[in-house]
Structures are given as structure tokens and as C-alpha cells.
Amino acid sequence: MSPFLRVLENEVQIVALLFLASVYVFRILWILRFEPTRERTQPAGSKREGIAYSLLNISMPWSMEALRKKPGFYIQFLIFHLGVTAAIAASFIIPYRPELFRTKAVVLLFQIIIGAAFVVGLVRLRRRLRNPAVRLISTPDDYFSLILMILYFAAAVLAVPNRFPPAEWALILFFGLTAFFLVYVPFSKISHYLYYPFARYVLGKTLGHRGVFPIKEVKEETAFGPPEK
Amino acid sequence: MGRQKNEPPPALKSPLETSSQERARAANLGSVAKGRLKLYDPQVDNVRKFLDLLGRKINRPLALSFAACVHCGLCAESCHYALARPDDPTMTPAYKADQIRRIFKRHKDWTGRIIPWWVHARYPRDDADLNLLKNIVFGACSACRRCTLNCPMGVDTAALVRFTRGLLTELGIVPEGIFNVNRDQWETGNQMAVTEEDYLETIAWVREELESETGIRGIEIPVDRADCDFLYVINPREIKFDPRSLGDAARIFHLAGEKWTLPKWGWDMTNYGLFSGDDSLGAYIAENVYQAAARLRSGRIVISECGHGYRSTRWEGYNWAGRDQTVPTESVVITLVRYLRQGRIKVDSAKNPEPVTFHDSCNIARSGDLVEEPRWVLRRVCADFREMEPHGRENFCCTGGGGLLSTPEYRSLRLEAAKIKAEQLQATGAKLVCTMCHNCVDGLADVIKHYRLNLKVVQILELVSRALASGNVQS
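Residue numbers (our numbering), protein chains in the order written: chain A, -5 to 223; chain B, 113 to 587.
Next comes chain B alone, as it looks inside the complex:
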């Protein structure tokens, strides 16, 4: 029998999987012992704990987002989940936000405390209710902030979703995939549990490959060098799965005559604190980067191509860590703009003849400041650049954001919602879709595979590297 109209997707019935948590408990991991990584305990009153946390952690912007919704339902017009499942009202962002809003109302709002039924205010009854909440906030929203920008009242539903995730993470009521990455970041300082040995070996290998591939002698990928112009921080995916990206960056930096370094510790600029809502993890990971920059007296921090990494390191991290920003912190795309402007690298757009379109990462376009810059670079390195519609701040999520790539239990729903992105990509007629986010690379690749699109995902560094003209000499 097919799915009934209006029936919530099966993904929202996913049970709480705790086997990884059990293993972490049995291994008595340092992060567990120190109380950093929280585990689920069915014996305690989790509802009570949830309410206590809610009362303690709520701030003014969140309280306003809770209070200001007028239930107009306009947000459904902007959410890719709601657009892809028009017959399912549970995909409306206001409905998702209402699942936590009703608890807020019951706990904090006058009317909700006195006549709860009048405003649909309700406490969660038990852990099963909290698990349902987990499935909604982790499984049916990529926190792309599209609804936020389309809300006439200024309700930041994405912020409410992240807040709820944070409360649930404190209780260990969290998807297993998210838990595992949280654990790895707490334990190893990077989200893919790359050891220092692997990190250094891969860097050495990338350098050798680069030299033999390009024939350029003396290319360096320095680690822990003090007093450089900038500290370059990367996504662990660049060490584990896609070292080409680091190689492209090293090649460009070399040709631009840059004095740069990677840190030995604090090199992971990705941050699952953003996705899990755990501000303490967010602060820990971001602080690793900031401390590395201070230790090495770097002039600035340059963040490799990563949407949530950029948002976490450039914006949220300083606030989580309670540290005033003193060191300029920028995306590598800004660095590329500088090189091109100053003529430090020369590019030939004819080297990228295929039609290219650009996908904006939500964390960069809607929670950050970069929309024009990547396009400025792409117009110089590609012969045929074309916009997708909508684009810029209004672009749709790659559908893998918000940690959804780590949660296989929600994959079917995610790919169903990806219909919107697939149609958007197909309409461009491009052969390459470029993005400045490693997470979006995987998200888009999934969409392309699922919907059998004739497209390949590339990144800006890759296209710039390909477009480097023969006139470039080592500065």
C-alpha cells in the first residue's frame, strides 16, 4: 500500500539508536568522563532535564522567535521539504518549530501556562516524545534559514531548530551519526578522527604528488610555521577523501608567493557544534583554531572551502568561545579575489570551457556574507558561467546541510526533498556545478546520482587551479 496523503514520512519514526553511546560508555572515553559528550540515560527524568535546560539556555532572540509566529504558513513557500511534499503539512517550517514552541509556551508563556489547550501548549510526555522531536529537528530540516529570510515576522526557525538540537544533544537523544561525529571531534579535535600521523603523512604525499604532477619545484605545504601571513585551516575531508583540494590550494598559494602554514593542531575548521547545537563543542573546536593562530602568530586565518566551517569559524565560533575577534578571518575565496586583483596569479578562462553554474552554500549565503565574491572569481576562471534560479541568498539547500549527510535514517526523506534542487540544477543546462563547500559537494553528488543528472560537482579552488595560465611563475 502506498503512502497515504498527509501521512508523516517514515523517517520521522526512527527510533533512538544508542549502540555507539553504549560503546563510548564502555570505553570510558575521556570526553564522556569529563562530561563533555553526553550519553542517553533512560533511568533519569529526561523531560524534566529538557525543561530545565530550555529555561536556562533560552536567550532573547530565541524567545522572540518563539513568541512572534502568527501561524500564517507563508514559510511553507520557501522550504524545500514543504515544496517537495505539498500534501504533507508536517513539513511546514512553522509546524516543525511549533513542536518546540508548544513546550516553550507551556513552560514560559502566560497564556500557555494558564490555558494551554487554547494555544496548543504542551509538555513532552516522555522520552518517546523527545525522540519524535529529535526526528523532526534533525531529520526534517537542514537549518538552511530560507524560511527565516522569508518570514514577514522575522522568526528565525533555523535558530529554534538548532536550539532544540542542542537541548536534545545534552540528553543524548541524538541521531547516531551526529553522536559519532561529536565524539570524534571531542576526542581527536577533528570530525573524521584523523590521527596526527595520518595528517602529516597525507600532507607529505600531497606535496610530492603536486610536484610530480605540475613539475613545479619547491612547492611547500608547511605545518606549524610561525609568523606566516596566514594560517590555513581545512576540512578533514581534504585529508581523508579529497586531498586534491589541499593540493590545489598549495599550488595557488605557491604561485602567489604566499607565506602560509597549516597548524599541527587546530586544523579542522568544520564544527559539529553547529549541527548538534552543542555550543560547548562549538567553542572547543573553534578555540583550537584561534589558539593555533595565536600560537603561530599568524596574520590572519584563512578558511578552506566549507560552508558550515566558514560560518562556525568566521562567525559563530567567536561567540561560542566568548572571544573577541582580533585576527582577520576569511574564506579562501576572499584570498583568491585578492590574488586575482593584485595580479599575483594569472588565469585563463578558456581552460574551463564547460558551462558552469554556482550553488550557494546556505551557511555562507544566508548566515554569512559571501555571495558576490565566488561569482567574481568564477567569471574570471570559467568561459561559460550561468546562474541557477533562484540564486544567491535565495538559493536552495544542497539538501545535505545541517548534518543530514551523517544521518542515513533520514536519507530517503532528504532525497525526496532534493527534487527541488534537482530541478533547479537541471534547468541550468550546465555540465559543472561549482560550490565553495565540501559538505555541499557530497550533498549535490547525492542529488545528482539519485536524480541521474548529467552534472559533475567541482569547487572554486579546483577551477582556479585548472585555469592557471602558463604565464604564472613562482613569485
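Bound conformation, chain A alone:
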């Protein structure tokens, strides 16, 4: 391993990670600066159940009509985010638990997951470019973030075998991109995962209190009739 790659895999990543963490602290403080709302009504449901339902909503694709109509969209979402998880995991495994990638099956598994995410990334880019509604709402940041992810997946597929010197350039590319990501993410749409729990928590709290969440199917008649209010 070249000294450059060693520094890139270790010190550079740690500095970039610390940068990301500190910017995220400011981001969270920024969110908390906005006044929270206070619910003054008597509940018709449970806030707690609403919050749980709202946060777990993403694991229940059947709960959203839009996803029931477009199951392919959900499958893409799963593959893409599994790929992200695998690539991020690889950025820790390579420097800290490299022995894991000495097992060919593990490498292959990672390559398949990340490779599938790469393909989904391309499909998503095509959709963003071709679907007029999505194209209209897309910003340069949306395109750049997606292209960056596609490149990142490609670099990760090449990097996970963790072989140098024959493929050191792949590792340099992968860790270079990882470091760039860590610095860029807090300023881009990729930080949506930071807002996600907050946004879903707030929505779940409101709609849980009102008895809208958890969304239930309209039941057939029962002897007990509708719930007491």
C-alpha cells in the first residue's frame, strides 16, 4: 500500500468524517431553532403509535398507494440504499477489518449488491432525465448527487477486492470519493437521511394524535362498531 493510500484511507477519512459530524450538529441545531408546534386538542389516537408507524412507514410499501401502484420504484429504492449501506460499510471494512474481504464470497456479495445499486442509479438518472415531471423539479444538485453516487458505486465495486498494487487506483478513487462525499453531503440533497427521521417523527406525531396514523383499512362491520371517540 502506498503512503498516499494509507493516509487517504485513514487520516483523511477521519478528518472528513469529523467535518461531516460537526456540520450535522449545526444542521440539527438549525432545525431545532425553528419553533416547534404545540398540540392543544384532546387526542383521537396515539402519538406514540403514529410516530412508530410514520418512522416504519418505509418498511411497509403497501401502506402507500403510490408505492402499491409502482412496486418497481420501491424495489429500486431498496437496492439503491442497500448499495449505499454496503459501500459505506466497505469504506470501514477495508482499513479496519481487511481480513473480511479476503473471503471471496464476501467480496462477491458486496460486488453484487453495489453493482445492482449502480444499475439502479443509472435507471434513476434515466428517469430523472426522461420523465418531464421529474426533470422539471430536478436541480443541478439532484443530478450531481446522483451521478456522484453512480461513480461511487462503480469505484466501490472495483475497490472491495482490496488488492494493491494491481488495483490501487480503484482504492484511491473509492476513498477519494468517500472523503469528498463526507464533505459534500451536508450541503446537498443526500443529507435527506438526516431530515427523514425528524420529518417523519413530526408528521407521525400530528397524525397519530388525530387518529389518522396508523392508517387502517376501512373495516367490514363488526359487532363493536366504530371505535369510541
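To be clear, the hints were calculated from the coordinates, so they are not data collected in a lab. Quick caveat: nothing in here was measured; it's all calculated off a predicted structure. Just so it is clear, CB atoms sit at the ideal spot from N, CA and C, and this is done for glycine as well. Worth double-checking, as some hints may not be accurate.
[Stated by the list, open to error] Here are the in silico distance ranges between beta carbons for each label pair:
hint	chain 1	residue 1	chain 2	residue 2	range
1	B	501	A	96	52 to 60 Å
2	B	324	A	31	49 to 57 Å
3	A	42	B	466	38 to 46 Å
4	B	131	A	18	46 to 54 Å
5	B	499	A	34	30 to 38 Å
6	B	198	A	32	36 to 44 Å
7	B	198	A	15	41 to 49 Å
8	A	113	B	228	28 to 36 Å
9	B	164	A	106	47 to 55 Å
10	B	169	A	62	31 to 39 Å
11	A	62	B	458	39 to 47 Å
[Unchecked claim] Calculated Cβ distances over 12 Å to all of chain B for the following chain A residues:
hint	residue
12	10
13	82
14	161
Mind docking chain B on chain A? Use the hints.
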């Protein structure tokens, strides 16, 4: 020449009409003098004022809805405007929300402030830009919250739309129809400017008609009676256009042996504060109702059949008014459920033999808690109840929600988007479409007329009243 593909609808080019505002200024109305009803002033820097208001009024849930959108475009699958105009990308809820989101980003977000073009952040340039924003938030969205429930990120686009409406209302950049209703609510305490004399006369007339029609002696429609079991608050439409609804309620309450009253003041439970985004109007109207209940020491507040009235009085009003809810507040449908459960009224479903389907009001199903209850009642009073698809929380808007019935300039777009509702209604094969919302009655009637459907709109009280069995005696 026909409409070009991808061309925004002409409704979104509607100019700002201010003649009603000029008249309000000339008449020096009390609400104008007190600074409650805001008028448009072209001489001031409205963009600056808009930004100041945005900075001041934004709260945490809104900030999160601004920040969390990933532009996936999935919301287009749930919006009746987008579904009815698939070739028009400007109908995508995320696009509509982005028109205010870009201002938020430019004004508040780090990236948007430093490199605005990178995230499409932009300030409005002038009043024309604000007018376009007005046309989008008032004219191309009924704030039905369908996209909210279908957003994987939990972005509440309907809340962003209402927030933007509120900012524009503060500047007087508001559709004339909405302005007029706001004015009437501020000036008279009810949205149809019904005078106290008209109100009391109509109630007396309804009572007389009811007695002669049903032959039941001693039916009362009490006004301002203290210490009743409940205070009944209604939609002014029930006084002005559809007194049958009040009559049906009075008949049922009478047979159930209920001790109830209407208030002399604070009887309008509808609330244009919800549609115009004006929280102070919302608080004023809701507070009228709450104060009436306190003044008359009513045991509870019962809200007549109205979607936005229910949402405003049961849910939002307490928050707008900054008042903790102490009095139980319920829809009249819950009252009906209680009567049926306790056997206080007897019904015969054979009296409603026609096939009936149920339309869920957005404000009740997606911003409130009632989905099972109206169906429970309908299954008891109708012989042939059938669901429309989708139904419940996923039902489509009647297309007249969000104040759109007061804005003729957006009617053509609204009725074009109503294609989705028309197809949904037609597929049921029902002869009657029942709803628990006066606004939906008018919205659906418009859809039925425009698309020439063989359907009639009814309400739950009407069907229950029709189904009352002969065995009912005055309790």
C-alpha cells in the same frame, strides 16, 4: 389552436383582482381599520414583506417539509391534478411546493444562500412573481393532503401550500373570492354574511316547516339556551341555501330526546382561516364557537356535517386560538353513532333502497379521525351501501376543497382535474353519493353536472332522517 403539451393551464395566469379590496378600503370596514383584513398595496415592497413574514412565521414542521424533499416525483402518482393532466409537469405536487421551497432555500438554507443556482433557490422578483405563486397555491391545489400521505419522506406539501397562502393573504395577494369570504367572516362572524335577523327567522321557519311536514308537535330549535348537553354549530349554507339539513338534525335530536341549542353568536363552524392560511382569522372564528360553548355552559360542541368546519373546530382551531381543549368536540356523525348504539333512534334501511356510495371529505379522513364512523351509520340506514375505490384515507378530493369553490378563475382547471373523481364515482354504479361535508356537496354536484353523471349528492343526516322508522317516539 389547442393547448400545447406541457403548457401550464391558463388559470395560472389569472391576474390579481382587487376591486373588492378597493371597495373594502373605501368603506373603511372595521376589519380593515383594525388591521385584521389585509389589503394589497402596490406601493410597498411586497417581496420584502413576504420574506420577513416567511422568516417570522416558519415553524419546525414546515422547515422540515421544506428541507426533506428529495425530488423523487412520487407525489405525482397521488395528486388528482397531476393524474388528470399527465402531460403537464407543473401539476406535480413537488413542483408546486418548490415554488415556495426555492424562496425558503434562498432565504434560509446554507447552500441556497451561497450557490442558489445549484439548488434552484430564488427570491421572487416582484409582485408578478407573487401573483403567480398565488395562482399555484390557491388555484392548482385543493390541499387535500393525498400527496402528504404518499410521500416516503413525510413532506407535508398541503401544509406548505397553506403556509404560502397565509403569507400571501397578509399581503392582500389573494383570489377575490377568498378575500370576500375572509371579509365576511371578519365582519359578520360567518362566511355568508348572514345577519342575526335572517339567522333567527330562518330557524323559526325551519321549525314550522318541520312540524307541518312531520306532524310531530313540540319540535324545538333552541337558540342560546344555557346548560344543554351540547351546542350545535352549523355551516351558514344550512341557513342560506340548505335549511333541510338543519331540519333533519332538529328532527333527529328531538326524537333522541336531546337537550341541545344553537348559539346566537358563534354558530358558524366553517373557517376560511383554514383556506386562506390566516391563523388569526382561524383563531377568531374558532374562538367564537368555543366562547359560545363556555357562555352557555354546554356539555360538548357538536359540529354539523362539514369537512373543513370539522377540521377547523375540532383540531386546528384550538391551536390557532392558543386554547387548550376542555370541552369534548365532536362531529354530528359521532352523535348519530351514539343514538343508534343506545337505541335512542330507530332506523329502517329499507327506506333508503337506492345504491349509495360514500365520499370521504379530505379534511375529515386525512386531517381528522373519522373514516369508520360514517360507514357504520350508512350501513344501518341504507339497504345497498357500496364503497368507491379508492376510499377512506385514500379517497380523492371532491375537487372543491381548499376554498376552490370560491374561486371561479380556477374553475376550468378544477373541473379538468375532476375527471379522476368523475371516473371514481361512475365506477360505483351508485345512484346516491353521500358525504358528510357541505363543501363536498357543492364540489361533487359540480363534478356530476360537468361530467353528466346520473348521481345525486346526499348527506348522512338526510339519509338518517329518511330512514327513521315509524316506531320512533318523542323521548
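Checked hints:
1. Distance hint check for residue 501 (chain B) and residue 96 (chain A): the Cβ-Cβ separation is about 55 Å, which falls inside the suggested range of 52 to 60 Å.
2. Separated by about 50 Å at the C-beta atoms, residue 324 (chain B) and residue 31 (chain A) satisfy the suggested range of 49 to 57 Å.
3. Distance hint for residue 42 (chain A) and residue 466 (chain B): a CB-CB separation of about 43 Å, consistent with the stated range 38 to 46 Å.
4. Hint check: residue 131 (chain B) to residue 18 (chain A), Cβ distance near 52 Å, so the stated range 46 to 54 Å holds.
5. Distance hint check: the CB atoms of residue 499 (chain B) and residue 34 (chain A) are about 34 Å apart, consistent with the given range 30 to 38 Å.
6. Checked against the hint of 36 to 44 Å, the C-beta distance between residue 198 (chain B) and residue 32 (chain A) comes to roughly 41 Å, which is consistent with it.
7. The beta-carbon spacing between residue 198 (chain B) and residue 15 (chain A), approximately 44 Å, falls within the hinted interval of 41 to 49 Å.
8. Taking 28 to 36 Å as the suggested C-beta distance range, the pair residue 113 (chain A) and residue 228 (chain B) conforms, at roughly 33 Å.
9. For residue 164 (chain B) paired with residue 106 (chain A), a C-beta distance near 54 Å keeps the hint of 47 to 55 Å intact.
10. Hint check: residue 169 (chain B) to residue 62 (chain A), Cβ distance near 36 Å, so the stated range 31 to 39 Å holds.
11. A beta carbon spacing of about 41 Å between residue 62 (chain A) and residue 458 (chain B) agrees with the range 39 to 47 Å that was offered as a hint.
12. Listed as a non-interface residue, residue 10 (chain A) keeps its Cβ farther than 12 Å from every Cβ of chain B; the least gap is roughly 18 Å.
13. In this structure residue 82 (chain A) is separated from chain B by more than 12 Å, as the shortest Cβ-Cβ distance comes to about 18 Å.
14. Remark: the non-interface label on residue 161 (chain A) is consistent with the geometry, its nearest Cβ contact in chain B lying 33 Å away (cut-off 12 Å).
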